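Number of protein chains: 6
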Amino acid sequence: MSDILYLMPGKGAAKEEKLRREKIANTFLTSEKNRVFVDDVDEGPLSIESSIEGDLSVHGMLKKAILTKGKYDALIIGCADDPGLFSMRELLDIPVIGPFESSIAMASMIGEKFSVITILESGFPETRMILRKYGAEQKCASIRAINCCVEDMIQQKVSRDEVIDIFIRQAKLAESDGASSLILGCMTMAFLLLEEAVQEKISSIVINPAKVSVKMAEMMASMGLKHSVLSYPKPDFEKLKNSVLPELKNLERGK
Amino acid sequence: MSDILYLMPGKGAAKEEKLRREKIANTFLTSEKNRVFVDDVDEGPLSIESSIEGDLSVHGMLKKAILTKGKYDALIIGCADDPGLFSMRELLDIPVIGPFESSIAMASMIGEKFSVITILESGFPETRMILRKYGAEQKCASIRAINCCVEDMIQQKVSRDEVIDIFIRQAKLAESDGASSLILGCMTMAFLLLEEAVQEKISSIVINPAKVSVKMAEMMASMGLKHSVLSYPKPDFEKLKNSVLPELKNLERGK
Amino acid sequence: MSDILYLMPGKGAAKEEKLRREKIANTFLTSEKNRVFVDDVDEGPLSIESSIEGDLSVHGMLKKAILTKGKYDALIIGCADDPGLFSMRELLDIPVIGPFESSIAMASMIGEKFSVITILESGFPETRMILRKYGAEQKCASIRAINCCVEDMIQQKVSRDEVIDIFIRQAKLAESDGASSLILGCMTMAFLLLEEAVQEKISSIVINPAKVSVKMAEMMASMGLKHSVLSYPKPDFEKLKNSVLPELKNLERGK
Amino acid sequence: MSDILYLMPGKGAAKEEKLRREKIANTFLTSEKNRVFVDDVDEGPLSIESSIEGDLSVHGMLKKAILTKGKYDALIIGCADDPGLFSMRELLDIPVIGPFESSIAMASMIGEKFSVITILESGFPETRMILRKYGAEQKCASIRAINCCVEDMIQQKVSRDEVIDIFIRQAKLAESDGASSLILGCMTMAFLLLEEAVQEKISSIVINPAKVSVKMAEMMASMGLKHSVLSYPKPDFEKLKNSVLPELKNLERGK
Amino acid sequence: MSDILYLMPGKGAAKEEKLRREKIANTFLTSEKNRVFVDDVDEGPLSIESSIEGDLSVHGMLKKAILTKGKYDALIIGCADDPGLFSMRELLDIPVIGPFESSIAMASMIGEKFSVITILESGFPETRMILRKYGAEQKCASIRAINCCVEDMIQQKVSRDEVIDIFIRQAKLAESDGASSLILGCMTMAFLLLEEAVQEKISSIVINPAKVSVKMAEMMASMGLKHSVLSYPKPDFEKLKNSVLPELKNLERGK
Amino acid sequence: MSDILYLMPGKGAAKEEKLRREKIANTFLTSEKNRVFVDDVDEGPLSIESSIEGDLSVHGMLKKAILTKGKYDALIIGCADDPGLFSMRELLDIPVIGPFESSIAMASMIGEKFSVITILESGFPETRMILRKYGAEQKCASIRAINCCVEDMIQQKVSRDEVIDIFIRQAKLAESDGASSLILGCMTMAFLLLEEAVQEKISSIVINPAKVSVKMAEMMASMGLKHSVLSYPKPDFEKLKNSVLPELKNLERGK
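Chains as they are written, first to last, in my numbering: chain A, 1230 to 1484; chain B, 1230 to 1484; chain C, 1230 to 1484; chain D, 1230 to 1484; chain E, 1230 to 1484; chain F, 1230 to 1484.
The shape of chain A in the complex, shown without the other chains (with noise of 0.2 Å):
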């Protein structure tokens, strides 16, 4: 009986592709009587691969959020950067779920280190600044990439098959590396649900964050659990609503 939002942070996804997100994602639940609704946002990036795209996020994130208010029980931050996570987390009361951030909790418990394995090089260092804000620095064996553009995969200029043979040979070097799990870092990887075709040929485990933080999203919703005012406290809301959210004014606190 829990509704999620899954909000994808860019802007101008197809609507197809959210469907096509959503139709999967409600596949991801625990529970039959809990729904995932997929949207994205109405001002934002196209899509988040510099930390300019994640600061400018974040407002589209906030805004729809305060315009959903008392619609879901728990909402999911639909990227693998987990943008704007503590700023959605001063604003709201039910559960911010990191996709990010869930599947490092989930490979504490399969293993000792994880590794990400995501599309491009150049993302590694804002991965390294959100493991160090995490503090799971230590948890990391490596950051490794396929070097395969999101692009290339969706429009078949590399095959299926291709991926999966690099993404083998990525986790082949993962596991040399130390790791045990491997984190998808992108949520078109996780989209893809590239770890059913490759979690056979591995000895690590494939964390598909999409999948995650929907079951994490149902859990805490259901547990009643949330993010703590110790760590994320409340903001001066009228001092907000009078500079940059006046869409604050139509939100009654609450839920």
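One or more of the hints may lead you astray.
As the list claims (entries may be wrong) - The calculated lysine to aspartate or glutamate pairs, modelled on EDC-like cross-linking and capped at a C-alpha distance of 20 Å, are:
no. : chain 1 : residue 1 : chain 2 : residue 2
1   : A       : 1262      : B       : 1261
2   : F       : 1240      : E       : 1467
3   : B       : 1478      : B       : 1271
Please keep in mind that the hints were generated in silico from the structure rather than gathered at the bench. Note that the coordinates shown come from a computational prediction; the quantities given were computed from them, not determined experimentally.
Following the hints, complete the assembly by docking chains B, C, D, E and F onto the known chain A.
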């Protein structure tokens, strides 16, 4: 459709207590299709309050796990010290859940640091050792005790209200130690559902390891995720069969 | 011969206050040939006291940085939380100085550990998060607050002498926490030149982030040193131009 | 005048092998007045090559320790994984020496970092777990294996010269990992006195855990030093007596 | 208006070399009003390439510091190992700058991690020891050497172009180790202004410790900042005067 | 059959005090065949209570070590700050024992964390620096002082009973800081055999660095173990001979 075994590592729990815990544990499930079965072992300590009792609880659990092989989709070690977690993972191909390990994972999604609030101070060194083993020492703000033994709580020598008062006092000290969440350090506290009585009165979030471990078991079973052989390598079963675990003779590998 | 922009990330600072800060900032320079210009942004929070306000201050700063492109040799982010530091470094090829980051660097040459003394306790989680992001957590002895809001100081509701008394009390506590230096955690405190009033009365060394950041900007500009693309990779400017930063159309790469 | 028990945690060692080890162990003593006695247990694994075998070796050792109570001045756990170290320290008031723990202590006086060179790669996760438990992970440069099983060495299927060649190759790799010393990761290697054959050919210092543990036992016994109850608290002996360790009935506290 | 002493800890530098360095060092200044004076000591090693030479350089520096008391506003220890940094800070009330310590501070504003590129591998343990002393080990990606001795460089046995080639090769290896900046590990390399020849050819930023230390000296002198007595307590000068530092008799406390 | 030199780094100890210490030190030996010789140096500080005195003690010790070359099988640096440990190890091929380093090694076998209890608070920064140098900071629970100077103890201005009372009070505070063992932070305290008077009254274990260093010297000498050249590389003796250590001319390499 997952059957979960919650295995109490000590022997001699009263049948009513096992039924009471089973009943409660089933209320923790996210999906109605899943079930939790509470059982204990034929051989082991009365309760686990020392490293000796932890070590001597493993044999009984391994034997039970062999006997019930193929019947369950996940197994929870029913003690907040997670005794035998590594050995059980070497033995089994289903997810093996440690309530403390999974509570630490949950805590990472709730705030920066957690404290453990447990029964007795004599357990602090063991708890610190486990935290080091898990690489989680940096995330622990403090370990604190209510110094009020289980017997006295159960027999009402100390009233529930008094326990709650003591707990709240320790909780506030833990918050000033830097904790954003509080992990209950003992399954008896967990099955008293202490968090329900105190959550409203404190700022930190109380994590119930019984609740979290049931939900994590459910989640991992449904995702097909389990611990990695790279961190928990398969032992030489032939050798074990001929020495310390003759029960393995009845076991065919698999599941 | 370096022109330095001290960019206040919030909007709405009174013109007199900007002039006052500019006047003071110019007294911080090591070389008479350099100049500091204080400016604020067209869009952003009134002040930065939450993660939300930090995130929502970035857009305004990026736009201003694009508009003033080529005019300055270094840019200081005028807030002790260093909001947008990573994004500004992705955008710009001139040194971008974070007052907190540079104060931590200064502290490393003064003694073993530093404390941060700031205005309000509600800012502690954000400060801790930045320390983790910078990998500087181990060097921080404690974070402490004077718990006396900026408004009250400015409007003299709390006298300067009272503020000094409170500060000295917190400073001594920080020393017993292990601090050899004290970083002022807020630019308002910095532009009050609080260190001049208290330094003689305490053993630890007070670090003024406004002063340090001006000097570091000067130093880096004159040495031709700046942040490395290996930690702050260049984003895809074409993509940014067509989405979140159309202002980039007016910008020719370079400088 | 100290009698030291070197207790092999597995059962089934040939009498000759025990005598051979006892003879060698006595050559390790610093003082002629002391003596080492080598014994094994009545119940336990053939050898310890998994966490399961480690856990299941503890009962046998505890029983032997109770039986021989008062006869010895120090006890060495005769396995390089230090199984049951915590439990044995809870039980006993004489020094309990872990060969691995004492080798790490020795390594700290020889150089910056050590590597462990052991028999098989399958033991790496257990070794890493122990390092974390001891808080010694940062001092370990690497873990390496000669990948040549004990049986083959003993039965000369692999000649001593070949073993030495393999060891030297791994030793040089460990040096390039940053090791200044090398801890032998298995007591069979230790009682082959491998260090005598290789020390001249490498720059790092080989640490023999059998030798070090005998000397540390001697030293601690003669100083009257032993483990602290603050880290290894005394368990409730009455409770143990009535459950997992009925043998305690024969034991009077003391020594 | 600050006079800065750059004190070479070894004796026997040719007068021309001192003048050459002084001339170069003065070009590093931010303000024209400041001056750098290069001097060496009457007693000490020819150069510092071992811990012994580092320790034995301190007496000479302390004596010179006493002799020149009151003449300078800041003092730079002219060696990339910062010998005697702690002792000089105990003695002096003016800022004492360690080129390595200040380069590490600079590196923290340039990127995530630095590497040290030095002359010879035999200096690595000393460098690692200093990094641990400074609590900066985690920020160091690697230490690398050009393995080409100072003499050969100076006497042109290895051409400048060859040195540059070797350096660039090591720089690229350091980048793959994770370095965003490179600290020159030797003052001879620093006064060759090597960074000017290589910066354009690599992605990481080269940090010249001579340049940085001059600028930091200037900055600290102009700010009135210096090391804290809480980390560098004042010794008992009477006792020193009557034992190891009779020169102190000529010194009146102050400055 | 090992002769051990206990070398006091300061000059001017009364002959009776040296004889008293020698007599006591010989009671610390494990084997009757070994002997300890206590000596001091011709040049150096009266005692070591600052970094300056530590640095200026090294020359005297190096000279004495050269002079006595070949006479001893191990050398103990007779000061709880281990001055010159690195330099002495560069010079010598026999084991060089630091009392503090070896006490930390001993502490690792006694419990989780140690505290240092020393004479004066002014020595805390030096002690912390050494702990960082040794990579042992994490194992130190706290540093505490009895704040009662050596002179007053020796001259009985403070009675032995009073010293014991003060020590016990600090010991209990250290235990509440998390210490399982207490390292005496000064050799004068060590040769007062303070542990014998207090051990029965506290739960933590007192470690006497004089005792431990004698036993470790004996152990290392008898095992043929010494520090590794990979951490303490051999310096250029020719160069040293011609500059800071002309005494080396009398020394033939070896031993």
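Structure versus earlier hints - violations, ascending order: none
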